[in-house]
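S.K.: Top line first, the protein sequences correspond to chains A and B.
The opening position of the first sequence corresponds to residue 1 in the numbering used here, with each subsequent residue numbered one higher.
The opening position of the second sequence corresponds to residue 1 in the numbering used here, with each subsequent residue numbered one higher.
Hint data in this document are derived by calculation from the structure and do not stem from the laboratory.
Certain hints may be false.
A few chain A residues facing chain B, derived, Cβ under 7 Å [claimed, not checked]:
{"no.": "1", "residue": "K4"}
{"no.": "2", "residue": "T12"}
{"no.": "3", "residue": "L29"}
{"no.": "4", "residue": "G40"}
{"no.": "5", "residue": "L41"}
{"no.": "6", "residue": "I47"}
{"no.": "7", "residue": "V65"}
{"no.": "8", "residue": "V81"}
{"no.": "9", "residue": "F104"}
{"no.": "10", "residue": "V138"}
Quick reminder that beta carbons are idealized off the backbone N, C-alpha and C, glycines included.
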Amino acid sequence: MWNKDTLVAIVTLLLALATWREAANLSELAAVFLNAIAIGLAIFGAILLTNGLIKKDKTNPFEGVSRSRVLTVGIALAIYVGLIPFIGFVLTSTLFLTFFFLYFGKREFKALNILRHILLAFVISMGFYSIFHYGFNVPVPTGSLWGFL
Amino acid sequence: MTIDVLTLLANVFNPVNFSLMTAGVAGGIVVGALPGLTATMALALLIPFTFTMDPVPALMMLGGIYVGAIYGGSISAILISTPGTPSAIATVFDGFPLARKGKAEHGLVTAAFTSGVGGVIGAVILLAMAPPLARFALTFGSPEMFWVSIFGLTIIATLASKSLVKGLIGGLLGLFLSTIGLAPIGGDMRFTFGFWQLQGGIDLIVALIGLFCIPEVFLILEKKGEKRYFELYKPKKGVARSTIIELIKKPVLLLRSSIIGVIVGIIPGAGGNIAGILSYDQATRWSKHPEEFGTGIIDGVAASESANNAAVGGALVPLLTFGIPGAPPAAVLLGALMIHGLRTGTELFTTFGHITYTFLTALIIANIVMFVLGFYGARQVARLINLPENLIAPIVALLCVIGSFAIRNNMLDVGIMMGFGFIGYVTRKLGFDPGPIVLGLILGPIAEIGLTRSMLLGKAAGNIWAVFFTRPISIVLIILCVLSLLWPVIVRQRTKKRIQIGEKVSVE
Numbered sequence: 001m002w003n004k005d006t007l008v009a010i011v012t013l014l015l016a017l018a019t020w021r022e023a024a025n026l027s028e029l030a031a032v033f034l035n036a037i038a039i040g041l042a043i044f045g046a047i048l049l050t051n052g053l054i055k056k057d058k059t060n061p062f063e064g065v066s067r068s069r070v071l072t073v074g075i076a077l078a079i080y081v082g083l084i085p086f087i088g089f090v091l092t093s094t095l096f097l098t099f100f101f102l103y104f105g106k107r108e109f110k111a112l113n114i115l116r117h118i119l120l121a122f123v124i125s126m127g128f129y130s131i132f133h134y135g136f137n138v139p140v141p142t143g144s145l146w147g148f149l
Numbered sequence: 001m002t003i004d005v006l007t008l009l010a011n012v013f014n015p016v017n018f019s020l021m022t023a024g025v026a027g028g029i030v031v032g033a034l035p036g037l038t039a040t041m042a043l044a045l046l047i048p049f050t051f052t053m054d055p056v057p058a059l060m061m062l063g064g065i066y067v068g069a070i071y072g073g074s075i076s077a078i079l080i081s082t083p084g085t086p087s088a089i090a091t092v093f094d095g096f097p098l099a100r101k102g103k104a105e106h107g108l109v110t111a112a113f114t115s116g117v118g119g120v121i122g123a124v125i126l127l128a129m130a131p132p133l134a135r136f137a138l139t140f141g142s143p144e145m146f147w148v149s150i151f152g153l154t155i156i157a158t159l160a161s162k163s164l165v166k167g168l169i170g171g172l173l174g175l176f177l178s179t180i181g182l183a184p185i186g187g188d189m190r191f192t193f194g195f196w197q198l199q200g201g202i203d204l205i206v207a208l209i210g211l212f213c214i215p216e217v218f219l220i221l222e223k224k225g226e227k228r229y230f231e232l233y234k235p236k237k238g239v240a241r242s243t244i245i246e247l248i249k250k251p252v253l254l255l256r257s258s259i260i261g262v263i264v265g266i267i268p269g270a271g272g273n274i275a276g277i278l279s280y281d282q283a284t285r286w287s288k289h290p291e292e293f294g295t296g297i298i299d300g301v302a303a304s305e306s307a308n309n310a311a312v313g314g315a316l317v318p319l320l321t322f323g324i325p326g327a328p329p330a331a332v333l334l335g336a337l338m339i340h341g342l343r344t345g346t347e348l349f350t351t352f353g354h355i356t357y358t359f360l361t362a363l364i365i366a367n368i369v370m371f372v373l374g375f376y377g378a379r380q381v382a383r384l385i386n387l388p389e390n391l392i393a394p395i396v397a398l399l400c401v402i403g404s405f406a407i408r409n410n411m412l413d414v415g416i417m418m419g420f421g422f423i424g425y426v427t428r429k430l431g432f433d434p435g436p437i438v439l440g441l442i443l444g445p446i447a448e449i450g451l452t453r454s455m456l457l458g459k460a461a462g463n464i465w466a467v468f469f470t471r472p473i474s475i476v477l478i479i480l481c482v483l484s485l486l487w488p489v490i491v492r493q494r495t496k497k498r499i500q501i502g503e504k505v506s507v508e
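Work the whole structure out from these sequences, hints included.
M.R.: Shown next as structure tokens:
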């Protein structure tokens, strides 16, 4: 019974229900569009559920994908965004870029190679910081621990 | 008031004016190419530099920035699947697959050439027909805007290449996301979960960056092995010239896309993003090989880019004639006009005619300058694809962070962008295209405002249905919606017939 289409259909139907419930607490004018969306989601969710149950497609959507690599990218991105408010854009970006260069590169963990990558990561981070902050006067996230970086 | 062409050209090619305009175009291209920095932002950032200038060079420079930024958005759309500006959303659909095939130069040259063509056509139409077109645009009320948005949503049939049902669910998901925040009419708070930052809704650019860009970071790195995600770009002589010759052989595509761009640009609230998507949709529908769209063909890039640059001219029509900006960057230009003491309306074409017509002529020249810069820069920019992928992926993520933060100076937007990125990656694996979601997000506010205002109008008039279904422009739009929905069915039937005839012939 469970395949990617039935799962998506169930999530769609749950979203339709949540939208309908939210609309119930709103004024008529604010709710009319939400109700239309909820009805649409319910109809197409039901169609997808029926399709999923009839076709019983068992293909794995993540076939050929390295789960460890996807997890590493996901966790690294989450940590990157989570750390910026504390240690600032330049420092976090330097750490983030260095990790990607080393982990997804040739994995040569010699001191000189690591140092080279740290330097490259710092130059890139600082370069983008300068372009946006000084060049275009656009705000770049700063950290609460070290201020400007 | 008569102004001769030679005087206009002398003003435009005055060394100081021309240099400032060229600098504006170059600056616009750079800003537009950076994800998160829009044409509106480029204009707003550079307006202070024009405070002390005379009106003519100031407007020429700002016009150059506008034109350059809209084209610049295509560079990151083609190279890293991130529309540098919202106008380049549809450029991603075929531009990025071209880059992945090692044909980034084809995509970039196409973008430069067709942006130039679209921009020139838009500016010429603006120069020739501004007042009557503006009067037509003003006949669009709330019911018409509602039907325009519904017509826009019918494009999902084209964008959802994998599954129509999933495309429609994606579109509804986009509409749902567009309702987050303060209701436009009624003022209720919806789905904000206590975050005051969400009261203004989800920013389109934040969602765009997340849905298009972060999934690519995953896709670049998700597989082990030596095979590259991007094929290496190998520069070949004559690519640029042959691409342009190929494009010149498609005058109908270029003209149709540019006219769509101008019309959409004129309608207030519908900018280059909608123009690009609508034009892409039409190019797919009229193509003999619609199945090739989305796989990396220059026609897709040409349709989007000629339309979004033509929309620049379109957006200036209601701005110059009535002071109503057709798109957000045009609103910033309105500010610039006021700063320089120019009042929009008839006076702009009479008392200040020498300034206005010089500005409009400069827009045409700015498009040519933009083409030259894009043409000669394409090969150098395309080389970026050859960088190691473990270098490209994190730099893309870094740009995503800066871009999403820059919009509102808000870390929650960065978190939302990342959330959209994760959702975008998973949904792509589950067979969803990001296009319909983005389309829903763009058209949601227009559809909701159109629907609720029309309902209020209908209640006041005592007949809601009459407001929606009896106004002449609404009827035309409803017919277009029905045709748009039936078109894929008609094409499928025709293809089936053709195949059956082909089989019969081969059997005989």
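S.K.: With reference to the structure, classify each hint as holding or not holding.
M.R.: Going through the hints against the structure:
no. : hint : verdict
1   : K4   : holds (5 Å)
2   : T12  : holds (5 Å)
3   : L29  : holds (4 Å)
4   : G40  : holds (5 Å)
5   : L41  : holds (5 Å)
6   : I47  : holds (5 Å)
7   : V65  : holds (5 Å)
8   : V81  : holds (5 Å)
9   : F104 : holds (4 Å)
10  : V138 : holds (5 Å)
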